[in-house]
Amino acid sequence: MAPDLAGATAPGWQRDVFDVLKAAQVKHVVYVPDAGHSTAIRLAEADPSITSVVLTTEQEGIGYLAGAWLGGERGALLMQSSGVGNCINTLALQACTRFPLLMVVTMRGDWAEFNQWQNPMGQAAEAALRLMGVLTWRADDPKDVAPLLRGAATMAFDGDAACAVLLGQRLIGEKEWLK
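The number in the numbering used here is simply the position in the sequence shown, starting from 1, with 18 added.
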(Lines of atoms letter the chains of each structure in order from A and count residues from 1; the text may use other names and numbers.)
(Lines give C-alpha, C1' and ligand atoms only; values in the text may rest on other atoms or scores of the structure.)
Protein backbone atom coordinates (compact mmCIF):
# COMPACT_ATOMS: atom_id res chain seq x y z
CA MET A 1 0.00 0.00 0.00
CA ALA A 2 1.26 3.46 -0.90
CA PRO A 3 0.10 6.72 0.71
CA ASP A 4 -1.60 9.20 -1.60
CA LEU A 5 -1.37 12.99 -1.30
CA ALA A 6 -4.18 13.01 1.21
CA GLY A 7 -2.29 10.52 3.39
CA ALA A 8 -4.77 7.73 2.71
CA THR A 9 -3.43 4.29 1.84
CA ALA A 10 -4.21 2.80 -1.55
CA PRO A 11 -3.01 -0.36 -3.32
CA GLY A 12 0.30 0.24 -5.07
CA TRP A 13 -1.15 -0.41 -8.52
CA GLN A 14 -3.61 2.48 -8.07
CA ARG A 15 -0.71 4.83 -7.34
CA ASP A 16 1.15 3.29 -10.30
CA VAL A 17 -1.59 4.49 -12.66
CA PHE A 18 -1.01 8.11 -11.65
CA ASP A 19 2.79 7.77 -11.53
CA VAL A 20 2.95 6.34 -15.05
CA LEU A 21 0.68 9.08 -16.41
CA LYS A 22 2.81 11.73 -14.71
CA ALA A 23 6.05 10.19 -16.04
CA ALA A 24 4.51 10.13 -19.54
CA GLN A 25 4.01 13.92 -19.25
CA VAL A 26 0.22 13.67 -19.24
CA LYS A 27 -1.16 17.17 -18.58
CA HIS A 28 -4.89 16.36 -18.84
CA VAL A 29 -6.75 13.61 -16.99
CA VAL A 30 -10.39 13.35 -18.02
CA TYR A 31 -12.80 10.96 -16.34
CA VAL A 32 -16.25 9.92 -15.29
CA PRO A 33 -16.03 9.32 -11.52
CA ASP A 34 -15.12 5.73 -10.68
CA ALA A 35 -14.01 4.09 -7.42
CA GLY A 36 -11.33 2.06 -9.21
CA HIS A 37 -9.71 5.24 -10.47
CA SER A 38 -10.25 7.24 -7.26
CA THR A 39 -6.57 7.36 -6.27
CA ALA A 40 -5.39 8.54 -9.70
CA ILE A 41 -8.24 11.06 -9.82
CA ARG A 42 -7.43 12.49 -6.38
CA LEU A 43 -3.74 12.73 -7.21
CA ALA A 44 -4.45 14.39 -10.57
CA GLU A 45 -6.78 16.90 -8.93
CA ALA A 46 -4.11 17.72 -6.33
CA ASP A 47 -1.33 18.17 -8.91
CA PRO A 48 -1.10 21.77 -10.14
CA SER A 49 0.61 20.68 -13.37
CA ILE A 50 -2.36 18.50 -14.41
CA THR A 51 -5.77 19.65 -15.53
CA SER A 52 -8.37 17.15 -14.35
CA VAL A 53 -11.80 17.32 -15.92
CA VAL A 54 -14.88 15.43 -14.81
CA LEU A 55 -17.04 14.41 -17.77
CA THR A 56 -20.76 13.83 -18.04
CA THR A 57 -20.15 10.99 -20.52
CA GLU A 58 -17.01 9.23 -21.66
CA GLN A 59 -17.19 10.16 -25.33
CA GLU A 60 -16.63 13.80 -24.37
CA GLY A 61 -13.17 12.74 -23.26
CA ILE A 62 -12.13 11.65 -26.74
CA GLY A 63 -12.92 15.08 -28.22
CA TYR A 64 -11.28 16.82 -25.26
CA LEU A 65 -8.08 14.78 -25.66
CA ALA A 66 -7.99 15.45 -29.43
CA GLY A 67 -8.11 19.16 -28.62
CA ALA A 68 -5.42 18.83 -25.95
CA TRP A 69 -3.16 17.09 -28.46
CA LEU A 70 -3.79 19.81 -31.07
CA GLY A 71 -2.75 22.26 -28.34
CA GLY A 72 0.49 20.34 -27.84
CA GLU A 73 -0.37 18.51 -24.62
CA ARG A 74 -0.90 14.89 -23.66
CA GLY A 75 -3.93 13.49 -21.88
CA ALA A 76 -5.55 10.28 -20.71
CA LEU A 77 -9.15 9.11 -20.37
CA LEU A 78 -10.04 7.17 -17.21
CA MET A 79 -13.29 5.23 -17.39
CA GLN A 80 -15.19 2.09 -16.47
CA SER A 81 -15.85 -0.64 -19.02
CA SER A 82 -19.50 0.45 -19.18
CA GLY A 83 -18.26 3.73 -20.67
CA VAL A 84 -16.62 1.95 -23.60
CA GLY A 85 -20.05 1.56 -25.19
CA ASN A 86 -20.54 5.31 -24.99
CA CYS A 87 -17.30 5.87 -26.94
CA ILE A 88 -17.70 3.54 -29.91
CA ASN A 89 -18.89 6.12 -32.45
CA THR A 90 -16.51 8.81 -31.18
CA LEU A 91 -13.52 6.48 -31.56
CA ALA A 92 -13.89 7.11 -35.29
CA LEU A 93 -12.32 10.54 -34.63
CA GLN A 94 -9.07 8.88 -33.55
CA ALA A 95 -9.23 6.30 -36.36
CA CYS A 96 -9.53 9.08 -38.97
CA THR A 97 -7.09 11.59 -37.48
CA ARG A 98 -4.57 9.28 -35.73
CA PHE A 99 -4.01 11.45 -32.64
CA PRO A 100 -2.59 9.71 -29.55
CA LEU A 101 -5.36 8.32 -27.35
CA LEU A 102 -4.57 6.67 -24.03
CA MET A 103 -7.41 5.08 -22.06
CA VAL A 104 -7.33 3.31 -18.69
CA VAL A 105 -10.44 1.18 -18.20
CA THR A 106 -11.58 -0.39 -14.94
CA MET A 107 -13.54 -3.51 -15.76
CA ARG A 108 -17.06 -4.31 -14.61
CA GLY A 109 -19.12 -7.31 -15.69
CA ASP A 110 -15.98 -9.25 -14.93
CA TRP A 111 -15.01 -11.67 -12.15
CA ALA A 112 -17.41 -11.60 -9.16
CA GLU A 113 -19.70 -8.90 -10.61
CA PHE A 114 -22.84 -8.43 -8.50
CA ASN A 115 -24.67 -6.04 -10.84
CA GLN A 116 -26.07 -7.91 -13.84
CA TRP A 117 -26.45 -4.65 -15.79
CA GLN A 118 -22.65 -4.39 -15.95
CA ASN A 119 -22.17 -7.81 -17.56
CA PRO A 120 -23.07 -7.20 -21.24
CA MET A 121 -20.74 -4.24 -21.84
CA GLY A 122 -18.10 -5.58 -19.48
CA GLN A 123 -17.91 -8.78 -21.49
CA ALA A 124 -17.88 -6.89 -24.82
CA ALA A 125 -15.59 -3.97 -23.94
CA GLU A 126 -12.27 -5.42 -25.08
CA ALA A 127 -13.67 -6.80 -28.34
CA ALA A 128 -15.47 -3.50 -29.05
CA LEU A 129 -12.28 -1.51 -28.52
CA ARG A 130 -10.32 -3.85 -30.79
CA LEU A 131 -13.00 -3.64 -33.49
CA MET A 132 -12.51 0.15 -33.43
CA GLY A 133 -8.74 -0.25 -33.90
CA VAL A 134 -7.74 0.29 -30.27
CA LEU A 135 -4.73 -1.71 -29.07
CA THR A 136 -5.59 -3.35 -25.73
CA TRP A 137 -3.77 -4.97 -22.83
CA ARG A 138 -5.31 -6.44 -19.71
CA ALA A 139 -3.88 -6.33 -16.19
CA ASP A 140 -5.22 -8.74 -13.59
CA ASP A 141 -2.09 -8.78 -11.42
CA PRO A 142 -0.90 -5.61 -9.62
CA LYS A 143 2.67 -6.08 -10.87
CA ASP A 144 1.47 -5.83 -14.49
CA VAL A 145 -0.26 -2.44 -14.23
CA ALA A 146 2.77 -0.13 -14.44
CA PRO A 147 4.64 -1.92 -17.26
CA LEU A 148 1.51 -2.36 -19.36
CA LEU A 149 0.51 1.27 -18.90
CA ARG A 150 4.05 2.50 -19.65
CA GLY A 151 4.07 0.47 -22.87
CA ALA A 152 0.62 1.71 -23.86
CA ALA A 153 1.64 5.33 -23.19
CA THR A 154 4.72 4.89 -25.39
CA MET A 155 2.68 3.42 -28.23
CA ALA A 156 -0.01 6.11 -27.92
CA PHE A 157 2.18 9.18 -27.58
CA ASP A 158 5.14 8.11 -29.73
CA GLY A 159 3.14 6.14 -32.29
CA ASP A 160 -0.08 8.14 -32.58
CA ALA A 161 -2.10 5.06 -31.63
CA ALA A 162 -5.28 4.45 -29.68
CA CYS A 163 -4.35 2.29 -26.68
CA ALA A 164 -6.28 0.98 -23.70
CA VAL A 165 -5.15 -0.79 -20.56
CA LEU A 166 -7.97 -2.80 -19.02
CA LEU A 167 -7.75 -3.13 -15.24
CA GLY A 168 -9.43 -6.39 -14.28
CA GLN A 169 -11.91 -6.52 -11.44
CA ARG A 170 -9.58 -8.84 -9.50
CA LEU A 171 -7.30 -5.85 -8.94
CA ILE A 172 -10.08 -3.86 -7.32
CA GLY A 173 -11.49 -6.79 -5.41
CA GLU A 174 -14.91 -8.29 -5.03
CA LYS A 175 -17.63 -5.70 -4.55
CA GLU A 176 -20.57 -6.17 -2.27
CA TRP A 177 -24.10 -4.95 -2.83
CA LEU A 178 -24.97 -2.42 -0.13
CA LYS A 179 -28.01 -3.62 1.77
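Derived from the structure by calculation, the hints contain no laboratory data.
All C-beta atoms in this analysis are idealised placements derived from N, C-alpha and C, irrespective of residue type, glycine included.
Don't take each hint at face value.
What the hints assert, rightly or not - In silico EDC-like cross-links for lysine to aspartate or glutamate, where the CA-CA straight-line distance does not exceed 20 Å: (1) K40 x E91; (2) K45 x D162; (3) K45 x D65; (4) K40 x E63; (5) K45 x E91; (6) K40 x D162; (7) K40 x D178; (8) K161 x D65; (9) K161 x D178; (10) K45 x E63.
Unchecked claim - Pairwise CB distance ranges, derived in the manner of DEER restraints: (11) S67 x G169: 15 to 25 Å; (12) G151 x P66: 12 to 22 Å; (13) L149 x P66: 20 to 30 Å; (14) Q134 x A41: 32 to 42 Å.
Evaluation of the provided hints:
no.: 1; hint: K40 x E91; result: 12 Å, holds
no.: 2; hint: K45 x D162; result: 24 Å, violated
no.: 3; hint: K45 x D65; result: 10 Å, holds
no.: 4; hint: K40 x E63; result: 12 Å, holds
no.: 5; hint: K45 x E91; result: 6 Å, holds
no.: 6; hint: K40 x D162; result: 18 Å, holds
no.: 7; hint: K40 x D178; result: 18 Å, holds
no.: 8; hint: K161 x D65; result: 25 Å, violated
no.: 9; hint: K161 x D178; result: 26 Å, violated
no.: 10; hint: K45 x E63; result: 11 Å, holds
no.: 11; hint: S67 x G169: 15 to 25 Å; result: 23 Å, holds
no.: 12; hint: G151 x P66: 12 to 22 Å; result: 35 Å, violated
no.: 13; hint: L149 x P66: 20 to 30 Å; result: 39 Å, violated
no.: 14; hint: Q134 x A41: 32 to 42 Å; result: 38 Å, holds
Going through the hint list in order, the structure does not satisfy hints 2, 8, 9, 12, 13.
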